[in-house]
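Q: What follows is each chain in one-letter form.
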Amino acid sequence: MNDTGRVSAGWWLLILPAFLLLVAFYIAPILQVLAISFTDPEPGLGNYERIFTSGSVQRVIMTTLRICLITTALSLLLGYAIAYAITLASPRAKGWWLLAVLVPLWISVLVRAFAWVTLLRRQGLVNNSLMGAGVISEPLPLVWNEFGIIVGMVHYMVPFAVLPMLSSMREIDPRLLAAARGLGASRWEVFRSVFLPLSKPGILAAAVLVFIFSLGFYITPAILGGGKTLMVAEWISLQILDLIRWGLGTMMATMLVVAILVTLAVFSRIVDLRRIFGSGG
Amino acid sequence: MQSFQQDCVELALRKFRRGEVDRRTLLAGLAALGVGSFASDEAAAQAARKLVMVNWGGLANQGFGNFYGAPFAAANPGWTVEQDSTGPSAGRIRSMVESGRVTWDLCDSSASSSFLLGRQNLLEKINYDIVKKEDTLPVGFALEYGAAPYSFSSVLCYDSAKFPNGGPTGWKDFWDLQKFPGTRLLRRDATAMLDAAQMALGKDPKNLYPLDIRATVRKVADIRRNAVFWSSGSESEQFLRTGEAVMGIIWHTRATVLHGETNGRIKFIWPQALLQAGIMVIPKGNPGGEGAQRLLASMLHNPEPQVGLLTLLGNGPTNPRAAALVPQDLRWKNPTDPENAREQVVMDGEWWGANYQRANADYVDAITG
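Top to bottom, those sequences are chains A and B. Under UniProt numbering, the residue at position 82 of the first sequence is numbered 82, and the numbers go up by one with no gaps. Under UniProt numbering, the residue at position 284 of the second sequence is numbered 284, and the numbers go up by one with no gaps.
So here's chain B without its partners, still in its complex pose:
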């Protein structure tokens, strides 16, 4: 299963190849994921300390190496940050920690994985004396075992040409095959899908959690014969682009691409979309020790690189000061813009962390039944 982060890097590379963004922006945006200089007092004291950040894409190595390494080394004498793009899936973090030879410091993960791994004692707790909670969004973005320097959203995306009498306005419409006939597109992973199903079942979005796993899984099973399921972001884009599906739940980054490419024929809506935290985690016994906490703190603290990331990849900033720095013409696609954030539902990472294994197993069972 491809993760959101993996997909972002892929998307950026494509934009770069098509000439939609220049090399400078590309490198800047990629570096934004990890950029920021942190206080150098203690750093200077400890000579030649190295941090390893792990991401999901092959591009990061070249991008981070050129743009990020040099300025960071200048700002923090004695410290370097290396990029590793081998993909920190929960399974790989577990095998690294259990083998006792941890080489990773900061991993691009997810809220549910942070709880899943944290519960098995495989992650360091975030030290909120170093990482500032006020540098990120209040609910769900600063967790016990991870914090989020960026955000993303699962939105309802549809082909407006197929619905001349007006498109869907929420998840109820998404499930209404009578009023809006055509193949649906869902992710082959329960997160965000069951949340949407719960809203379609009529539960108040303000009071969405806990989800009723049985009822929501059954709700998804109701439409499975009229649905296809995506595993990677490019796949989700392709299903909608080629008309295999008329309506889908996909990441906002892919939805904005489709919107631009079709001049607005393929639309997406913010209401009831599921706002999620791009959670970074620190494997237990990481070699860089506290340095990883401080790297994370700086990523949360600096709004400018976060806006750079939005420009390049579409990831929403999480620093409260960032939204105001976003250029006017980009605000429509920023998930954490106050206008857009207000209409969305923040996914409850904690509920998902506690229930992901069971819910996802049931979900995969139901759709492959």
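Bound conformation, chain A alone:
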């Protein structure tokens, strides 16, 4: 073995404890979950068959997908506008903008959900102001439904949409925009045919991040949904803790992991994930 070989073997040894820890406490339990999904209550594919035969399983999946897609679309739209504004802002303003994006990230998801309840409920700030101003005569149903859930989730997700888009927009050479203007393009044309295509990797990365994150949402739908909307994460907890139908619960958990891996695989064909999530850049 030459010198460099020995050095790299040393580095691998350093990683070994972390690797063993991961295998013992992360991968092994996941394999166990996978095993239970095939063996409880009886061995076979019975639990997975439910995806095709059980209306309630299908509905939970559809509800989750619908809410996640809407959340992702809205977060991207809002996030893109913010990232665009930050990119074009002066360096001083940039700092403040970033702070404004990051501060909500540090507030607990629970606190934020309750804050939305306070704002959106029947006698909440929004309804009271609208009624006081004479715009509406009856309180609007702003919470305890999917609308409330999506408001809460988008609010949580916007920073996660902004950050990857911002990093990709920063890489766009401003001289290209100036050149396009110099060649006679209007502002809109510059945006549409130069800036937008160049920022596309960021949009895709943000979409993957937000979508995958949304799939596992638990607290926000539980608090803002008024008990009438059930997403996958809460459904799994219901099966495992209360109904002790572990086979079904672990089946759905496995499906969730598979959905995330598939999403990642699909997007990794389109964009270079390693670059987007920070390594090798």
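Please note: incorrect hints may appear among the correct ones.
Said to hold, decoys possible - If you want a taste of the chain B side facing chain A, the calculated C-beta under 10 Å gives, among others:
1) 89
2) 93
3) 94
4) 113
5) 180
6) 187
7) 357
8) 362
9) 368
Claimed, not checked - Under the rule of at most 20 Å between Cα atoms (straight-line distance), these lysine to aspartate or glutamate pairs were calculated in the EDC-like manner:
10) A:228 / B:222
11) A:228 / B:365
12) B:15 / B:329
13) B:125 / B:350
14) B:162 / A:138
Derived by calculation from the structure, the hints in this document are not laboratory data. Predicted, not measured: the structure shown is a model, and the values here were computed from it. Don't be surprised by glycine CBs; every beta carbon is placed ideally from N, CA and C.
Chain B: place on chain A using the hints.
A: Positioned in the frame of chain A, the structure of chain B alone reads:
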């Protein structure tokens, strides 16, 4: 989903913080859940035996440790009872028993879970040579796989200011959106909800079981657009307090709090309320063996601590001798007071144990549809 027990501890802590009860009462009441000295003859023979009781609240550790540990150790030399407040959900009991390393002796559970787990051979049967059936209520409180040292009830609670011409008198009125308009509040769990729906469908409360799952679930689905659903006791209280709902099915402990807080504007009624057993279960292969049965027996046998629990948390006593010991001014909120018990319907834990999985899955499906 928050359980009743979890909610009680939360409620007690709040009362304590507001100064509504003193520390002594708090500790006494918490300890009442597990207090009682049991015969020490055999205990003394086996040196240093330990029992682990599992409850739902973080308070129990400090409460039980101070108040309960010392006197118990004195009464039963060689025995100690530890409190574990990590929450014995059915799923956690299953995973503990199946892993083969059981560390729990007595768990605060429910009638339906006792049947569900018992059927899967995950619980010890209650030994009724040790636990005395006559120490608790006759129907539904002493089961094959669990017995109840306390009771609670799901009552109809409403904001009387919203109904100046007289409030609802039963579940029929609860479902009558024409006569009593406004948002309804139900628990996001089928137990007690389908029972109420069955009464609203006109079935005789004396002959309520078996419930018609399809019809009752459909009955709930009828009002779901005008309803919100609670998962934790504090949530149920908040929905009614803030006027998000005008009428709800909530635990009597929360209803009495609202009643007191609003000087009776928010009322609740005992007629047709669903009286339930606070069932304790013993995981299969528990380390303390028979000791757990005897701890349970003593909890059922001693009425005084049960009254202490009512004073603090509102849980009803189950010992037949306890009701008479309850101070006059507390009787209105004791679910097992003969006056109140007579008007309620005792939930059939056995029917629920056999049907909970299917009924609850259908129920959750219907309300989230």
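Q: Hint by hint, which ones does this structure get wrong, listed from lowest number up?
A: Result: hint 5 breaks, nothing else.
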